[in-house]
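Engineer: In case you want the letters, here they are:
Protein chains: 2
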Amino acid sequence: MMQRIRPLVAMFLLVGCFFYQLLNAQIADHSYKIAIVIHGGAGTILKANMALEMEKEYRDKLTEALNTGYKILKDGGTSIDAVEAIINIMEDSPLFNAGKGAVFTHEGTNEMDASIMDGRTLNAGAVAAVKHIKNPISLARMVMEKSWHVMLAGDGAEKFAQEQGMQLVDQEYFKTERRWKQLQQIINQDSKRDDSLKLERKKNPPSGKTNDSHGTVGCVALDKFGNIVAGTSTGGMTNKRFGRVGDSPIIGAGNYANNNTCGVSGTGDGEYFIRLNVGKDISDLMEYKGMTVKEASQTVIDKLTKLGGTGGVITLDKDGNIAMPFNTSGMYRGYMDENGKPVVEIYKE
Amino acid sequence: MMQRIRPLVAMFLLVGCFFYQLLNAQIADHSYKIAIVIHGGAGTILKANMALEMEKEYRDKLTEALNTGYKILKDGGTSIDAVEAIINIMEDSPLFNAGKGAVFTHEGTNEMDASIMDGRTLNAGAVAAVKHIKNPISLARMVMEKSWHVMLAGDGAEKFAQEQGMQLVDQEYFKTERRWKQLQQIINQDSKRDDSLKLERKKNPPSGKTNDSHGTVGCVALDKFGNIVAGTSTGGMTNKRFGRVGDSPIIGAGNYANNNTCGVSGTGDGEYFIRLNVGKDISDLMEYKGMTVKEASQTVIDKLTKLGGTGGVITLDKDGNIAMPFNTSGMYRGYMDENGKPVVEIYKE
Numbered sequence: 077m078m079q080r081i082r083p084l085v086a087m088f089l090l091v092g093c094f095f096y097q098l099l100n101a102q103i104a105d106h107s108y109k110i111a112i113v114i115h116g117g118a119g120t121i122l123k124a125n126m127a128l129e130m131e132k133e134y135r136d137k138l139t140e141a142l143n144t145g146y147k148i149l150k151d152g153g154t155s156i157d158a159v160e161a162i163i164n165i166m167e168d169s170p171l172f173n174a175g176k177g178a179v180f181t182h183e184g185t186n187e188m189d190a191s192i193m194d195g196r197t198l199n200a201g202a203v204a205a206v207k208h209i210k211n212p213i214s215l216a217r218m219v220m221e222k223s224w225h226v227m228l229a230g231d232g233a234e235k236f237a238q239e240q241g242m243q244l245v246d247q248e249y250f251k252t253e254r255r256w257k258q259l260q261q262i263i264n265q266d267s268k269r270d271d272s273l274k275l276e277r278k279k280n281p282p283s284g285k286t287n288d289s290h291g292t293v294g295c296v297a298l299d300k301f302g303n304i305v306a307g308t309s310t311g312g313m314t315n316k317r318f319g320r321v322g323d324s325p326i327i328g329a330g331n332y333a334n335n336n337t338c339g340v341s342g343t344g345d346g347e348y349f350i351r352l353n354v355g356k357d358i359s360d361l362m363e364y365k366g367m368t369v370k371e372a373s374q375t376v377i378d379k380l381t382k383l384g385g386t387g388g389v390i391t392l393d394k395d396g397n398i399a400m401p402f403n404t405s406g407m408y409r410g411y412m413d414e415n416g417k418p419v420v421e422i423y424k425e
Numbered sequence: 077m078m079q080r081i082r083p084l085v086a087m088f089l090l091v092g093c094f095f096y097q098l099l100n101a102q103i104a105d106h107s108y109k110i111a112i113v114i115h116g117g118a119g120t121i122l123k124a125n126m127a128l129e130m131e132k133e134y135r136d137k138l139t140e141a142l143n144t145g146y147k148i149l150k151d152g153g154t155s156i157d158a159v160e161a162i163i164n165i166m167e168d169s170p171l172f173n174a175g176k177g178a179v180f181t182h183e184g185t186n187e188m189d190a191s192i193m194d195g196r197t198l199n200a201g202a203v204a205a206v207k208h209i210k211n212p213i214s215l216a217r218m219v220m221e222k223s224w225h226v227m228l229a230g231d232g233a234e235k236f237a238q239e240q241g242m243q244l245v246d247q248e249y250f251k252t253e254r255r256w257k258q259l260q261q262i263i264n265q266d267s268k269r270d271d272s273l274k275l276e277r278k279k280n281p282p283s284g285k286t287n288d289s290h291g292t293v294g295c296v297a298l299d300k301f302g303n304i305v306a307g308t309s310t311g312g313m314t315n316k317r318f319g320r321v322g323d324s325p326i327i328g329a330g331n332y333a334n335n336n337t338c339g340v341s342g343t344g345d346g347e348y349f350i351r352l353n354v355g356k357d358i359s360d361l362m363e364y365k366g367m368t369v370k371e372a373s374q375t376v377i378d379k380l381t382k383l384g385g386t387g388g389v390i391t392l393d394k395d396g397n398i399a400m401p402f403n404t405s406g407m408y409r410g411y412m413d414e415n416g417k418p419v420v421e422i423y424k425e
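Going line by line, the protein sequences match chains B and D. Quick note: the first sequence uses my numbering, first residue 77, plus one each step. Quick note: the second sequence uses my numbering, first residue 77, plus one each step.
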């Protein structure tokens, strides 16, 4: 009996192996190129003003973030996990204006905004003006995945965080010497301008926008399943007042993702990014006008320049092509090249 | 001498008159057709459930708003003045979920959002989660015109209002019997659902969205100078929690204006309007794909339906063409026809 079955078993095993290989090949064929692009803020960033040691700190941290995210994607992880992990690293560093390194408001508090968007479902989560959240991007993800809402603001957002089991942190956690000095400096500058409190549009933009004391961190990732996720996190503008909300938590402005087109994270003068709907505009130029991700990104940065705003974007399309245009003197930025090597850049050239 | 000059003077007068007429004709030729379209919210609005008296109240108030705005435009006023005046009328009425008629949050407070956008400059102003502002659309206009910012939230926005000389009102002002009953009813419904507090996406949308206790007011106007302005104001969702912000204060989502294309004001499931960037998408379909305002508006409402959201939009292009598509059983809406007569509609047919 056993002897008659043996060849049959062998045949089944052979056929099984064949289909298994075929299936694997199919999956490999349908798996997408993985890709990551990140930024740590754009602004007046000049090599002449940057201490070598400081530059190294930025380069090292951006490299660490890229390597961490790339490992997740390489191991078959999802773009949302990669984006969250990367932004967490930048939020936990005092170098960038997000999380730990968040700038101070006029009142001496830290108020952070963040958002995340999933290009597959167009689901999104955003938080605005949170004060006790160590990693605002993680709370934004929670809003997307655990609530029916897209955007939660202020105390309400923190109440939601607590109900979801997230630990709040004391405002002391965000207090860094560098950011505190920046606030004092700007308050001092403003007090010398007699019309400082009037906030007259154009004539008197708040000082926060004219130096390095603002900024944002962001990441767009593409996983092997073809899903694009974009995330953005910020501490806003130094010396901001009146509960100002910038573009970072605004879906379609400072953050956007759509598997059909691209993912976008922006950094710069938030007001202009909102008025131009920067993220959605780049996506629509690709979808409706057939532009490449590079053409669309540059087109919208040109619109930003024309309208009088400064800043930059990082973008990534469904084939892994990236763009990183900006109209300032520098933007902390990086991506993984064809060979899986991190490339980090800071200045214009 | 005088006799020789006389015919010359006559000739000059004649030629002068001719050019004066020509100039006038030219100005008339270059002045745009004025137009207005308004909404007072979309949702489950069925003739069978509507008392005749109530229907008349809605029709009268929408007609009053249209007439007021039209008079401003007819007299050569600007679209921004018309939009503010129209929305003020709807905010001051307890019929609509905005200003006086704002719904209650879970905590029994009233938290309002509003935004306004100028299609000529792409300037915009927005306020979120304000509690003591009688006319949030007027504060949004103030943010646009008197600050460098686009969006202010919560207490900060109210502080700005006070600095600008705007009187705050007590929360008592917004307390209406009808809205209070709606809150109790929904809290009662939710308490019967054991998972009500988890706010699980899809499986358990907050009750606020499933009946008439949400809504928005909005207006788009075109003045004789060719400027399109869009404004939107809302009390959000009954029983809303966690500082939820909807689409009404999000530029490009629930409100958008661009002189090159159109103005848009939306009403419905705010979360879906944010994810689809409804306002900007309609504008981009016109600008980048050459759609008419009717085609673009319907296309985006179809996307909304496909994604699972409900609601509607009012839109108006630079030639005064309007569209008012929605996917609910009704939407309070109105416009001025070719002869300057108000047309008000409520139900699907």
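One should not assume that every hint holds.
Which copy is meant is left open, because identical chains are indistinguishable; a pair holds if it fits in one copy or across any two.
As the list claims (entries may be wrong) - Listed below are the simulated SDA-like cross-link pairs for lysine to any residue, each with C-alpha atoms no more than 20 Å apart in a straight line:
#1 K417 to E183
#2 K123 to D157
#3 K379 to E363
#4 K382 to N335
#5 K222 to H182
#6 K300 to R135
#7 K382 to I422
#8 K379 to L84
#9 K365 to N336
#10 K379 to D168
#11 K300 to T404
#12 K210 to I422
#13 K370 to S267
#14 K210 to L84
#15 K379 to I81
#16 K109 to K210
#17 K235 to E183
#18 K207 to K235
#19 K417 to M126
#20 K370 to Y423
#21 K424 to A161
#22 K235 to G184
#23 K222 to L383
These are computed hints drawn from the structure, not numbers from a lab.
Engineer: Now tell me, hint by hint, if it's right for this structure.
Structural biologist: How the hints compare with the structure:
In the homo-oligomer, the alpha carbons of K417 and E183 never lie at most 20 Å apart, since the shortest distance is 43 Å inside one protomer and 52 Å across protomers. With identical chains, the CA atoms of K123 and D157 are never at most 20 Å apart, being 33 Å at best within one copy and 49 Å at best between copies. Taking the shortest alpha-carbon separations for K379 and E363, both the intra-copy value of 18 Å and the inter-copy value of 15 Å come in at or below 20 Å. Taking the shortest Cα distances, K382 and N335 sit within 20 Å of each other only across copies (17 Å), while inside one copy they are farther apart (29 Å).
Taking CA atoms no more than 20 Å apart as the test, K222 paired with H182 passes between copies only; the shortest distance there is 19 Å, against 33 Å inside one copy. For a Cα distance limit of 20 Å, the shortest separation of K300 from R135 qualifies neither inside one copy, at 27 Å, nor across copies, at 55 Å. Proximity of K382 and I422 under a CA criterion of 20 Å is satisfied in neither setting, with 24 Å inside one chain copy and 42 Å between copies. Within a single copy, K379 and L84 get their C-alpha atoms no closer than 69 Å, and across copies no closer than 54 Å, so neither meets the 20 Å cut-off.
In this homomeric assembly, K365 and N336 come within 20 Å of each other (Cα to Cα) both inside a single copy, at 13 Å, and across copies, at 17 Å. When the C-alpha separation of K379 and D168 is checked against a cutoff of 20 Å, the pair qualifies neither within a copy, at 33 Å, nor between copies, at 39 Å. In the homo-oligomer, the alpha carbons of K300 and T404 never lie at most 20 Å apart, since the shortest distance is 33 Å inside one protomer and 39 Å across protomers. Within a single copy, K210 and I422 get their C-alpha atoms no closer than 26 Å, and across copies no closer than 48 Å, so neither meets the 20 Å cut-off.
In this assembly of identical chains, the alpha carbons of K370 and S267 never lie at most 20 Å apart, being 42 Å within a copy and 52 Å across copies at closest. In this assembly of identical chains, the alpha carbons of K210 and L84 never lie at most 20 Å apart, being 61 Å within a copy and 83 Å across copies at closest. In the homo-oligomer, the alpha carbons of K379 and I81 never lie at most 20 Å apart, since the shortest distance is 74 Å inside one protomer and 58 Å across protomers. Proximity of K109 to K210 under the C-alpha cut-off of 20 Å is found in neither arrangement, the shortest distances being 32 Å within a copy and 53 Å between copies.
Taking the closest pair of Cα atoms, K235 and E183 come within 20 Å of each other only across two copies (13 Å); inside a single copy the shortest separation is 22 Å, beyond that limit. Proximity of K207 and K235 under a CA criterion of 20 Å is satisfied in both settings, with 12 Å inside one chain copy and 19 Å between copies. Taking the shortest Cα distances, K417 and M126 never come within 20 Å of each other, neither inside one copy (25 Å) nor across copies (66 Å). For the identical chains of this complex, K370 and Y423 are intra-copy neighbours only, at 19 Å inside a copy versus 46 Å across copies, given an alpha-carbon limit of 20 Å.
In the homo-oligomer, the alpha carbons of K424 and A161 never lie at most 20 Å apart, since the shortest distance is 27 Å inside one protomer and 48 Å across protomers. Proximity of K235 to G184 under the C-alpha cut-off of 20 Å is restricted to the inter-copy arrangement: shortest distance 16 Å between copies versus 22 Å within a copy. Within a single copy, K222 and L383 get their C-alpha atoms only as close as 38 Å, which misses the 20 Å cut-off; across copies the closest is 18 Å, which meets it.
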